[in-house]
Amino acid sequence: MARLAWARSHLRLRANVVLLLSLLALFAVLTGGSTLSSENLHNLTQQIAITAPVVLAQMIALLIGGMDLSVGAVLAMSGVLAVGLQPLGLWPAVIVAVLFGTLIGAVNGLLVTRAGVNAFIVTLGTMYLVTGALLTYTHQQPIAGTIPAFTEFGGGDILFVPTPVLIVLVISAVLHGFLVYTRTGRNLYAVGGNADAAFVTGIAVQNHKLLGFIIAGTLSGIAGVLLASSLNSGSVQVGANASLTSIAAAIIGGASMFGGRGGIGGALIGVIVLGVLANGMNAVGVSTYYQIGVTAVILIAVVVLDAVNSRVVSRPSLSNISRPSLRRRSNGVLVNRTP
Amino acid sequence: MLSRKLLVSLAVAVLAVGACSSSATQAPAASSGAVQAKALSICAVENVADHPSITQIIMGMTDEAKIYNANVTQLDPAGDPQKQASMVQDCITKKPSVIAVNAVDPVAIVPSLKAAQAAGIPVVMFNADTNKDGQAYTKTFVGAQSYDQGYAIGQMMDQQMGGKGNVVIIQGNPGQTDVINRQNGLEAAWKDTGASFNVLGTQTAHWSKDEAVTVMTDFLTKYPNIDAVMAQDDGMGLGALQAIQAAGKEGKIKVYGVGGFKQACQDIKNGTYAGTALQTSYMIGVYTVRAAYDILMNRPIARQLLTPTASVTKDNIDQWIGQCAL
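Residue numbers (our numbering), protein chains in the order written: chain A, 699 to 1037; chain B, 245 to 570.
Same shape as in the complex, but just chain B (with noise of 0.2 Å):
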């Protein structure tokens, strides 16, 4: 009895001489000033790191961190925001020169950035972006913008589809920045077209290509006169195109993703996959390792680094199939 009260009080103070001893805080932080002596380091926060893209992302800033000579931690959370606050602030005790961060949710990240800008390590977003609050605590955000690439595939859709048929959507996780804006780049180009397309069904498939699959075929058994599935990402959208195979109805529905997968290009090439935004992600990763050097450098920068997008169809596909890199 007696040393299990022992125990909790060690608990206790374990926790509470933590806590307590935080008053000094405020001090080491100013020292940031003297940076520029310093090589780059970089502590970046992923969101889902086992996802094709963001691979490429990481491939790219692995890359690219050779040649500025950078220290970069990948750390990835996993698609959990409560974990992804606790990275940033882990990396915020680590001092970098810069910390990178690939939202998981735009609006729960805020906090976590603003006690970056507290402790003065500059902050860059890639991939997926935070809200206009949590603007106010980064530098820049590097990236292709994923509401231009639903904006893409909307666009597309209305011309390939003369502006009607029935969709059926298949999307990321919910919540997440991407799926959001591609959603509502989605929508907004369907109304800024005119286009009335009648959405049958919207499901997710976590990013997963094996459970689009699981999702088109529930989609087939229950609507039988789907014209096109919009699928998140290429990935999903190649899970989509299995499930149409496989129900024999190759042809007479129309798939679009994004991402621009090697697999999903080839398949535009044969006229098996209506199209896809491209979405350069190595390049993401690239430009980060150069915005964080650039901030290091007390280069002015700016606010929005874009990657390059492209609508991909059929029609310009032998121009844009070497950068078809997933």
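Chain A on its own, in the form it takes in the complex (with noise of 0.2 Å):
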């Protein structure tokens, strides 16, 4: 099942990496290369960075086999807070607005494991609080900040680069490290996977599943202070559509609805997918309202190319179903591949 598994996962990935080169070169040819020019480029690693960390925190929480509906009200509302506070000083500010979504994603994690209600349900009504706790702590006003240099980490360049980008960077480099080669981070596969086995084999589930949402609910945080920092303000605005799109990006980067597929480097191809998609057909022109539906068939072409695909795996790798923790190296030796 694992070699299955992983072998859906990396045929999902080696299929989004080429329609994320195509796409490249589709809007570079259509624009006479001037997506590709290094200020296109600036602008759009800008824009993805910025959209990147509540893609991240999507796809833990699907990974764990939950979801989080509520990653947009938070990165609102921590935004809001790291510009309100301000006042405190800068790092104060920042801390809460981070420790703000941290907050709310135990109180999703403790609902949904201590409570047992679906993750759904939960996320929906937290987003639904913290909305309505948006509203009330704003007047509806949008709150303009005050200190300069927070606007350097989501508007910044450190040596050309922008600062989102080295940021997002550094935490998909912690996270991808802390699901890879932690214990604790393949037992977030293995809950996510199959809740019931992870139980038998000893894992502390709930433990487990709370971590993940505290991890989502942290990573919609520090996304609301990137997008607050790089706005120089706290809008109730924000954040509307950030759920569901959350949740295409991390479905394109290879993470499944039931949980226990996907990783960070597929919800960075995801997030980047998406990114291009939008900024090459702003560049290229093309209407709002046919963007929207540009989007909708490459997502559903994804999942469909991705049921196909595990469909075509798992017919002729019926053998591999027996020997399911062996792999071959390259000198024919079957290896015991545990996760």
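Among these hints, one or two may not hold up.
Take a look, some chain A residues computed to stay more than 12 Å from chain B by CB distance [what the hints assert, rightly or not]:
#1 Val794
#2 Val984
#3 Val995
#4 Ile998
Which residues of chain A face chain B? A partial, calculated answer using Cβ under 7 Å [unchecked claim]:
#5 Asn741
#6 Ala842
#7 Leu925
If you're looking for bench data, these hints aren't it; they were derived computationally from the structure.
Think of the CB as a built atom: it goes at the ideal place given N, C-alpha and C, for glycine as much as any other residue.
Take the two lone chains and join them into the complex the hints point to.
Written out as structure tokens, the structure is:
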């Protein structure tokens, strides 16, 4: 099974890279190369980096067999806190904003694991709760940033590289290392893939799920800070579509609505695909209404291709199931590839 | 395992390559001095394009663009400030003669306007302006003063209702420029005229007529003694009127709106709708293209280009009904 799952996500990832490269090539040709100009690539990577943390959050939530509809509301509230609390100082404001995400993540996680409520319902509830708090706190007015240094997180450059790109790369590297190289990280996959099986093997399923939601909440908080920084303001209008677009990006990047699949690389590819698509279509001058349609077609195509792929993969490789944890090395020796 | 690592590093590389190559950013930006030789091209970023008044603005722009032989690209962030910021950045990359922005959020748009100025591309704000900080980076604002519209309604209510009564307010999307300004204008007019209205409730109907029906129905259930409803646009005003008619309270509650929708003007003539602040949205589109052309030709341009606004009630409806275009 492990091999099968690996083959599937491998195929999906490879298909997505092909998709991404073809999109880049297509838009470069259509715009006479202007989408590949240094100016546009700088702009594009900055835009993508601002959107990335919320997709990473959704990826983790999906990975553990949950989902997080509150990411958009948390993003908006954290952004507003990061700006609104600036009278307390830059770092206190930023830290409280991120911790607010952690707090909501913990609330989500506790309600899902301890009260046993479905993640969809719980996070829908916290989404409304946080949105209500947001509208009350701001009196529905945007708040302008007062500390100029705050704009550096989302809008600054370090050695010509947009700062948010570096921040996202660091976060991604840490998360990737955690998911792949630590026992707890690998257990998150096990919990998401088959909670009962994970329980039987002695994994503390509930605690791992709780941890997953806390990570997702924290990432949403970071997303809010980055976005507020790039806009130098806390806006009540941001994040309205973030929950659904982040699910779309995570699915394109190899996540499954049934949990246990996906990863940081996939999440990044998902968010890059959507970013390149929007940027390229804006550059070509495609009307926004067609853009929504094109995004939908790509999302559905990726999922359908994946369904077809998994059938193609599973049929001839039934024999694999009998030796699930074995993998042939280049020298022909079969080795155990326990996760 | 290996190839997954490879793919992750590929994704990282795509991010990094784009980022690193930004070192040349400053070089091409300086060439905007030669703009006069080119034809007029406008990259327009709307706020929420599927609203009747924005549709009118786009029609105005499209029609006027034909006269100036201008190429207009319309982008719609559908009310998302983050998307709008990205779209303005994408406009900058396209290097049009002028970028036109209809702000979703007056504050959140500021960094994008700053970036446009840094790239040497002039910005015209239209319909919804940015704040004072943002105005440092823009050439002009084309539009009706949404503050004045709110103020006009406030005055109208004071005159028609004798300065007192129970009022409910139906607003557009929380946080939007027009919503804030119309509310502030309304309150300022009440203060200036010495009116003492009792606001029973304020709710958003997200600029939607259907939602306004629901909101007003709830208000009617909750408050039996409403004297007037102030809707921030005529679409929502018409929705409120529908709810009032369904509840059999027609004629007992005065309905005010903003915009000058055709149906609202008809209802003002019939006496079922109390008044509107007429906004000639089509002309906002027309003026925006003209302003862009003047900027292209290096002509002097006023800081504000205001389209006509008028307080329209039963008393002067015959004079204005021809302008109710929506």
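Here is what the structure says about each hint:
no.	hint	verdict
1	Val794	holds, 20 Å
2	Val984	violated, 9 Å
3	Val995	holds, 18 Å
4	Ile998	holds, 20 Å
5	Asn741	holds, 5 Å
6	Ala842	holds, 5 Å
7	Leu925	holds, 6 Å
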